[in-house]
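All chains should be modelled from the sequences, with the hints used to inform the complete structure.
So the sequence lines, in the order shown, correspond to chains A and B. Per this note's numbering, residue 1 is the first one in the first sequence, and the count goes up by one each step. Per this note's numbering, residue 1001 is the first one in the second sequence, and the count goes up by one each step.
Everything labelled a hint here was simulated from the structure, so no lab data went into it. Take these hints with a grain of salt, some might be off.
To be verified - Straight-line C-alpha distance at most 30 Å; calculated DSBU-like pairs for lysine-lysine:
id, chain 1, residue 1, chain 2, residue 2
1, B, K1450, A, K110
2, B, K1436, B, K1290
3, A, K129, A, K110
4, A, K141, A, K110
5, B, K1290, B, K1371
6, A, K124, A, K110
7, B, K1377, B, K1080
8, B, K1377, A, K141
9, B, K1377, B, K1436
10, A, K16, A, K228
11, A, K16, B, K1080
12, B, K1377, B, K1192
13, A, K10, B, K1450
14, A, K141, B, K1290
15, B, K1080, B, K1171
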Amino acid sequence: MLKIDNLHVKLEEEDKQILKGLSLEVPAGQVHAIMGPNGSGKSTLSYVLSGRDGYEVTEGDASLDGESLLEMEPEERAAAGLFLAFQYPVEIPGVGNMTFLRTAVNAQRKARGEEELSSAEFLKIVREKAKELQISPEMLKRPVNMGFSGGEKKRNEILQMAMLEPRMCIMDETDSGLDVDAMRLVSEGVNALRSPDRSFLVITHYQRLLNHIQPDVVHIMSNGRIIKSGGPELALEVEENGYGDLLAEAD
Amino acid sequence: MTEATDLDVREGVDRETVETVRNMGSYKYGWDTEIEMDYAPKGVNEDIVRLISEKNNEPEWMTEWRLEAFRRWQTMTEPKWAMLNYPEIDFQDQYYYARPKSMEEKPKSLDEVDPKLLATYEKLGIPLKEQMILAGVEGADEAPAEGRKVAVDAVFDSVSVGTTFKDELAKAGVIFCSISEAIREHPELVKKYLGSVVPQSDNYFATLNSAVFSDGSFVYVPPGVRCPMELSTYFRINAENTGQFERTLIIADKGSYVSYLEGCTAPQRDTNQLHAAVVELVILEDAEVKYSTVQNWFPGDEEGKGGIYNFVTKRADCREARAKVMWTQVETGSAITWKYPSCILRGDESQGEFYSIAIANNFQQADTGTKMIHLGKNTRSRIVSKGISAGKAQNTYRGLVTMHPKATNSRNYTQCDSLLIGDQCGAHTVPYIEVKNTSSRVEHEATTSKVDDDQLFYCRSRGMDEEEAVALVVNGFCREVLQALPMEFAMEAQSLVAISLEGSVG
Ligand SMILES: Nc1ncnc2c1ncn2[C@@H]1O[C@H](COP(=O)(O)OP(=O)(O)OP(=O)(O)O)[C@@H](O)[C@H]1O
Ligand SMILES: [Mg+2]
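Rendered as structure tokens:
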């Protein structure tokens, strides 16, 4: 599904290298987790994959189902099935959450040559999914992320993911800022989406999330590369001992 | 409102827009068969003024009124204070009277119609048949109006081509007709109110309009009557090199209410066309008028060639106590816009509101805003202006708020936001504030911002293309004003925002 090969990325404006030869492969149907110290480049990786401006890929490649992502516009990547749940969801004043969702869903359908959803169909689906994530009808009407609490913003990201049904879901610290119940809701939302042709790349600092969403592989990232990959037990090891030993080992 | 109706209504609006257009098509037919092409000679002089008056079968007093205005106009000079830059207008190189084109000039099929014009209609969600009617394709089917409750007066070039729902309105006592008909049929009302809000001598363009206005709409709502449907005028400039000078007069008698919509389109031409309308609203005790405009005159092409010069004088006189007016405008078209819908708050406790979206793209120049003249006690006004500039466009908000010595305990709140797309455009805010008593208060807030890259990326990462993302963010920026529009126009206005910003990014 997702294949990242020796990816080198620097900032466009500065001479600062952030990703330094990162390689990673997430096969279809699997959940991979990335853990790593602050500033190791996890969010940068997620942004580069989804096509944000401001980065320059100096070497390597990233592809979805064998097709390189790097030349695609962000919306083309979305239409190809890539989704990023943002670490810091963006507020858009004046744009109703529902309008935003509907515009997004229909834009993707159009890009794929599918019929747009009628307002009745759309409403039915969005109501159902919002209810599962305990997002109130009032929140659906409010402008996108405006005045949402930290946890509400994260749940709203998952609602978008559920509506857009991407095949490759990247979640950047979706668990940060969630209370215990919200964490369970979000995990249930994610688990409901798990399927043999959908993959997840879950960036997190806490092993706790991985109790709810069982990963197939855990990667440890430091200073722009993956320094170790392993099973779920790797997350437990980090939780117990921190990154110290792993970093030393990598050096 | 629940989110369900919210969405359902949007869909509803789409349909209604389409039906407005369909309504227009049905007038067109009658006009084809009855009227052949008819231009008065170029230029303006007393003979032309007389000819216009004669063509409209006007009584002598009206002819005299026009001539008086014309003589005054000859002594006046064009105003130059606006932040606008355009070549000298040769007022003698214009036609002042044109009737719609004759049959042989009409396109025979859609193939002969400018594809860009068709593309615009298509984006507005107007079905093919209506596009053909709008484009004036010969033989395009004229579907009957399907029970839509918006009465429409359509003005093509200089002539009002028809008014719908007249009988139903008459039952309620509402008069809605073309101004030339009103001059003939209701002279007492016209004599009493015409020029009473915008006097003949008001300004260069208004004075010219007083002399040469060819047609326009007239509304009278009697005391205590709530007008049973929205009234609408659809203006369209078709003929080339033709100035359009409509005159609209709306009178809301004591305790009445009316909502009036004005829509404008013009085909693409590479010469500039002059539009100098005058709109007068007279609002008596406890009456309320909502006046909404969606102006989409041709703005000129990507190189700044062609487009409408739009010099418009719009003014509401809240003449008596508790009179209320709300101006809402969405200005996306015209090469040059010079327009300041104003409120004279004469009656005690009268209220004026002004909601505006002005979009300038490519080489467009907009100098627009409002005047709130507080004369009565306890008067209130509110101004919400959203200016969007893209390309090489210049957008100026010019607003005057005056509190006269007798306008005690009055309030004004002004919020003026500018949004810039790209780095070659400009936004200017020019507030004039005069407070001549100690108990009144004026608040002014202004912001200028750029379209936020993070917002655009967020939208695009969800699958919207760049133009869609910009349109969504800009519509969000304009939300307060869009919400002030009647439903009939809200959807059309949203689409227009998107269309007028095309090509502004990337
Ligand atoms: N636009 C930028 N300008 C300057 N430095 C940047 C920029 N973007 C990223 N960086 C730097 O790149 C490094 C990686 O940042 P990134 O946000 O990817 O880290 P992260 O692994 O997601 O951290 P965290 O766990 O704290 O979220 C950091 O040192 C950050 O300061
Ligand atoms: Mg991060």
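ask   = Hint by hint, which ones does the structure fall short of?
value = Violated: hints 7, 8, 11, 15.
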